[in-house]
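Engineer: Here is how the chains run, residue by residue.
Protein chains: 4
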Amino acid sequence: MSAPKKVVLAYSGGLDTSIILKWLQTEYGCEVVTFTADLGQGEELEPARAKAELLGIKSENIFIEDVREEFVRDFVFPMFRANAIYEGQYLLGTSIARPLISKRLVEIAEMTGADAVAHGATGKGNDQVRFELAAYALNPEIKVIAPWREWDLTSRTRLLEFAEQHQIPVAKDKRGEAPFSVDANMLHTSSEGKVLEDPAEIAPEYVHQRTVNPEDAPDTPEFIEVGFEKGDAVSINGEALSPATVLETLNEYGRKHGIGRLDFVENRFVGMKSRGVYETPGGTILLEAHRGIEQITLDSGSGHLKDSLMPRYAELIYNGFWYSPEREMLQAAIDKSQEHVTGTVTLKLYKGSASTVARASDHSLYSEAHVTFEDDAGAYDQKDAAGFIQLNALRLKLLATRNRRFK
Amino acid sequence: MSAPKKVVLAYSGGLDTSIILKWLQTEYGCEVVTFTADLGQGEELEPARAKAELLGIKSENIFIEDVREEFVRDFVFPMFRANAIYEGQYLLGTSIARPLISKRLVEIAEMTGADAVAHGATGKGNDQVRFELAAYALNPEIKVIAPWREWDLTSRTRLLEFAEQHQIPVAKDKRGEAPFSVDANMLHTSSEGKVLEDPAEIAPEYVHQRTVNPEDAPDTPEFIEVGFEKGDAVSINGEALSPATVLETLNEYGRKHGIGRLDFVENRFVGMKSRGVYETPGGTILLEAHRGIEQITLDSGSGHLKDSLMPRYAELIYNGFWYSPEREMLQAAIDKSQEHVTGTVTLKLYKGSASTVARASDHSLYSEAHVTFEDDAGAYDQKDAAGFIQLNALRLKLLATRNRRFK
Amino acid sequence: MSAPKKVVLAYSGGLDTSIILKWLQTEYGCEVVTFTADLGQGEELEPARAKAELLGIKSENIFIEDVREEFVRDFVFPMFRANAIYEGQYLLGTSIARPLISKRLVEIAEMTGADAVAHGATGKGNDQVRFELAAYALNPEIKVIAPWREWDLTSRTRLLEFAEQHQIPVAKDKRGEAPFSVDANMLHTSSEGKVLEDPAEIAPEYVHQRTVNPEDAPDTPEFIEVGFEKGDAVSINGEALSPATVLETLNEYGRKHGIGRLDFVENRFVGMKSRGVYETPGGTILLEAHRGIEQITLDSGSGHLKDSLMPRYAELIYNGFWYSPEREMLQAAIDKSQEHVTGTVTLKLYKGSASTVARASDHSLYSEAHVTFEDDAGAYDQKDAAGFIQLNALRLKLLATRNRRFK
Amino acid sequence: MSAPKKVVLAYSGGLDTSIILKWLQTEYGCEVVTFTADLGQGEELEPARAKAELLGIKSENIFIEDVREEFVRDFVFPMFRANAIYEGQYLLGTSIARPLISKRLVEIAEMTGADAVAHGATGKGNDQVRFELAAYALNPEIKVIAPWREWDLTSRTRLLEFAEQHQIPVAKDKRGEAPFSVDANMLHTSSEGKVLEDPAEIAPEYVHQRTVNPEDAPDTPEFIEVGFEKGDAVSINGEALSPATVLETLNEYGRKHGIGRLDFVENRFVGMKSRGVYETPGGTILLEAHRGIEQITLDSGSGHLKDSLMPRYAELIYNGFWYSPEREMLQAAIDKSQEHVTGTVTLKLYKGSASTVARASDHSLYSEAHVTFEDDAGAYDQKDAAGFIQLNALRLKLLATRNRRFK
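Protein chains in written order, with UniProt numbering: chain A, 1 to 407; chain B, 1 to 407; chain C, 1 to 407; chain D, 1 to 407.
Any given hint might turn out to be false.
Because identical chains share one entry, a pair is satisfied inside a single copy or across any pair of copies.
[To be verified] Mimicking DSSO-like on lysine-lysine, the simulated pairs with C-alpha atoms at most 27 Å apart in a straight line are: (1) Lys407 with Lys172; (2) Lys172 with Lys5; (3) Lys194 with Lys397; (4) Lys383 with Lys348; (5) Lys5 with Lys22; (6) Lys58 with Lys256; (7) Lys6 with Lys397.
None of these hints come from the bench; they were simulated from the model.
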């Protein structure tokens, strides 16, 4: 790979990406463009502008954008249509944000004539893979620079020395090492490393940042109603809301009731296991609600097919293959199934749990006429079941007859 | 089908199966053998003996058995090795009990020279299918009689008339109709019908029988430790327990903390949707614990394959295909994966939730040396990730290059 | 089911469906509408009109249609996009024709105010299921009449008596029983029953009707070029052709070279095994050609996902679930994959075999630059493979280290 | 990676691996152990001994072994139980041999106290991955040396210079470059590269080495009978044969009749497409025969599950994951299905094709009594089909009713 001439950096304004910014300038002597995205991580973005300017970035090279609506509409919602869960429990909060960041990095590179993009993910994690696969899928000519895999700033001390040496301001509270590492966006906050590294140790309460401890949540349950249209949440308690506002509102409910905490050991794509604490307050409610509305609007054929495709779909997102033809194929199948996933779900929120307690829909497939214990006026002929069972049993009988001969 | 001469009836001792008993005698003039199983449903069994005798069953034709250990060891545990969940949420508590009952019915039929078995499941539900597929798979010559599909006792009034006419004692509280219908065994209690028939109505609290309302559960969390060996729970808080005792103990913890309630609309195999309220206190804890121990003892290859097979496996059990070659194939694969699923999991139980908070195992695949944010002493070379990403990206780049030509 | 008033019958003009026609009139006293479709089965259709009139059908109630283009375009081609094969070998020639017939039956019923449709499939086969599931999926109110499951004309003798009794003309060669039963359409001819009933007996040569014996095929191979656009065959040897004409042309090539014979024992949906001889001359060539073009235009992600979905897709078609949401979901995924499946394939046809020998496409993903044994000018860095392997090996190493501890 | 001290080299005795041998000695100054395996590739092995000695290998460090029976029994046969095919057509002949070679390399390393193994696969192909994943899975401490990824002998000229410089004898016919590259073992011969690099060019006839051109094959078909036990071929024409002898015999039949040629473009695990010509004469017959016997001995539940697992299984073998827990899980499922796959299959071999024409088994599930067009004496009640269809249709009717409301 020849040296980059102009690089678009995913820039948070924090110490680590500021060091990367400076390192790109000094190591490659290249022009740096910064991209700072509001994904709902709950931080002010404007300080990133001042900091970038301080580090010598030209103002036309500083991009700060609010991508929250796009994030929820084009990434979070399609994923939730699939009820995607990785390894039985993880809602993919980090995984789903990476492709959007890469997409904007590549677009800004094309706009500004940059030949490379750079990110601050380490060489041990999944995020490097997600950033880079997405970038290459969108622009096969782009260069991707991953300083953590290249440089020799391999200890906290050396990083701080580099910062000092290059006049990068270091906040006092960043001089020591954080007791764990955090990633956040509107969908979730993940914490890992350091105090969490022993999976046999219970995570300290202070690790949690997005949710109250269920023990401190209200002692009375709260009931909310989530409205869906074609598989996407569109209203809460009857009020129509934009995608991002839906998720923000659910986040607030989840935070308050201590919903969506997960202590988890997962398998990274790069081959090792890691332990994290995830908080996905709104997403956890949304998944439960989506399942609730699917219960009455999806038939078993669609539902079972979706269930069988889901693990592969979730794995693709986790592994960074959002922009892959197979993810798009699965998405086409999933979206096809959502045409009638429209209606409302009532959920009970209480001390860490979100539970569907009622659901209603004009598109419902539930037929009280068929299922009733009462007289069903001929909707269903119980005698049909005899034939149904006989033909389902036929091969089992033939097997049993055969197998008896060889006992 | 020629008329049966001797029938083994799955007999609970309750009104409905007593009516069936008498109906078999009068309709077919055949000898009836009763089989009453203790599956941990929490009812006295001996009254069933007295009642059967009263209805004219010879004492050598009355079989009352405690099958709880067999139930948990040979049915519940194998199923939990798979983390089986039907349609995203249901733990299959009713489904998994049916094959065991059919197995004993068929065995008793062979022992007593009976040519038929009979059950009390209706023509609208899944249980008829489960009973009958299992029976035919175990004995292809057996006749199965399902009175609810045959007789004309299609209303409560006619049932009671038949009972009166044949001197079947009717308990006072059975004269009226129950507000919902119940099935119970050691794994769960399910309630459906009547007051639950409208899925848009919140289920009344009195439907729940096996768990306290989370709101009434203790205000302080309780922590327990579940020990596993080869995928099966073998101890609680360090005390070795038999399969049934493990489940009973977890049930007691679950009951106390309001764990395992599910309000659910599902797709029956016979083609309609139904709504049920399930309570699976111990099973819910067990599933969470099993996942917890798999997190550190199963690698991603096994885990992801298991996840992708699970929906099919769960569907087979739900649909009544426990005794099918494909369920046995899947079981062989799943059991193969459990050889090292050994260790302990710590769970927090609190107001409706069971959450893994720590896990430890001599068989752990978690490598702190690899994952650490600190210096890993060469366990992992971050530069390897660059090649890993490049080769994973290669096809995406080729795709992007191709697709650009056709934009 | 109340008695039908007006029935649309799938009518071939042959003896069996003529008997059904008359039986519907006499049994139900209902008006009969006949629908005769040209699916490319290679029979004159107009005689069916005369026969229907002779049997008293009003001319406005006689529908004779050429549906060949629709058949290939909307049924055969979508199925071939999936490379659908049932149980490893069967190309689904009968299965794929049934939904189209049912669709037209239901449409004609709606047009003519009929309340029922009828078909001539027996109660042992798959076709009854396919006809009826399609009909119900398209019109949930329609009645379906399956005379073979209802009447008592259960022997050849009684059928002929009924024909005689009702003045149905019986061709001389139909007085005896055919040595096997045949179904044909443009995609294939299937033969089963009678002389084929013992799967240990080699099928007599005279069973084959659509293909010459490979031993009698030309001694010189013939090469043809099939052109594809978005997964569908659109030209042969450079000449653009309509869907039906493509298939007819391939059929002629296949017939001449003895291609597409299959002697097969399959599992019917109704639970039994049956043995059939299939001839799918053009379809066999088409499948090979489609695979050939996918080899260079589909990436591994799409291709492997397609392969893994295919068995389920084929089973759905075989079992009669063409008009089901899950088939449509799979179709959406498959069609999504075909956007660049465009190009040409050269096939060698010789004595029973069709083999891809060359393929070319502007949409090709094949990169000689990457794969070459010669100097690749930096297209591919072999050192990347080391990192790729290390990270793929990491979990295997951790497993091996763990497993060694327990030997 | 520290420098290896003693290396076990997969040594063919050919020029390339002789150069590697010498390079390992000169580059690392390490002791070299050679392992030469007879996998049925059809070459004399003893010359490899002389050549190794000539290159200075001590006689106790030269391992020459006939592993043909192990290869077929423990690798080829388990794979054929699965009917494994990669990307619809490739029988995995190269892929399945690599794990066995790695297994012996690692075992010999442990026996001789070597700390490394080495292979002659390039950095562009799949074989490096297969060799190395297998080695690491069997011994996580082993070093693997892949000279083609390390050295600078990147052209034919430099290789020959190195050979000359180190007194490695070069056969005259090796001075020029071969027009394509070959890998062979008892299961297949693969050819790729050079004259085959353009997939739009028809492969020259001289590329084929293991099969006669179908046009030159006998003009009369030949019929053979293959006997199976539990899924493995155990006899031909009634004569019991060892695993390797079965395959050799089938190879001879296949060679003679021109069976098993495949011109194929496949997706390599490392991300690029490549084109190869494969000849798998005996394997192609074996696959057809195995399917033939499964047709009558496997029920649909097992068969369809096997079909759906197969693509994943084949991908695992292709990608080098033979020694992975997920392959072993799938194998456990597949082997479970083969318990009754016992019987005989008659095949017709003719000019490139092997076709099942008859099959017989004491374990057959085929029931003429059920399938017959004649009177079946009550084996099957056609009326059962009505109920079967009604319940299968129920959800489709409910869907249709629902969907009509939204048109």
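Engineer: Each hint should be assessed against the structure and marked as holding or not.
Structural biologist: Taking the hints in turn, this is what the structure says about them:
1. Lys407 with Lys172: The answer is neither: 78 Å in one copy and 51 Å across copies each exceed 27 Å.
2. Lys172 with Lys5: Neither, since 34 Å and 51 Å both go past 27 Å.
3. Lys194 with Lys397: Answer is between; shortest inter-copy Cα gap is 24 Å, intra-copy 59 Å.
4. Lys383 with Lys348: neither (40 Å within a copy, 48 Å between copies)
5. Lys5 with Lys22: within (14 Å within a copy, 43 Å between copies)
6. Lys58 with Lys256: Result: close neither inside a copy nor across copies, 42 Å intra and 63 Å inter.
7. Lys6 with Lys397: This pair counts as between: shortest inter-copy Cα distance 21 Å, intra-copy 71 Å.
Violated hints, in rising order: 1, 2, 4, 6; the structure is consistent with all others.
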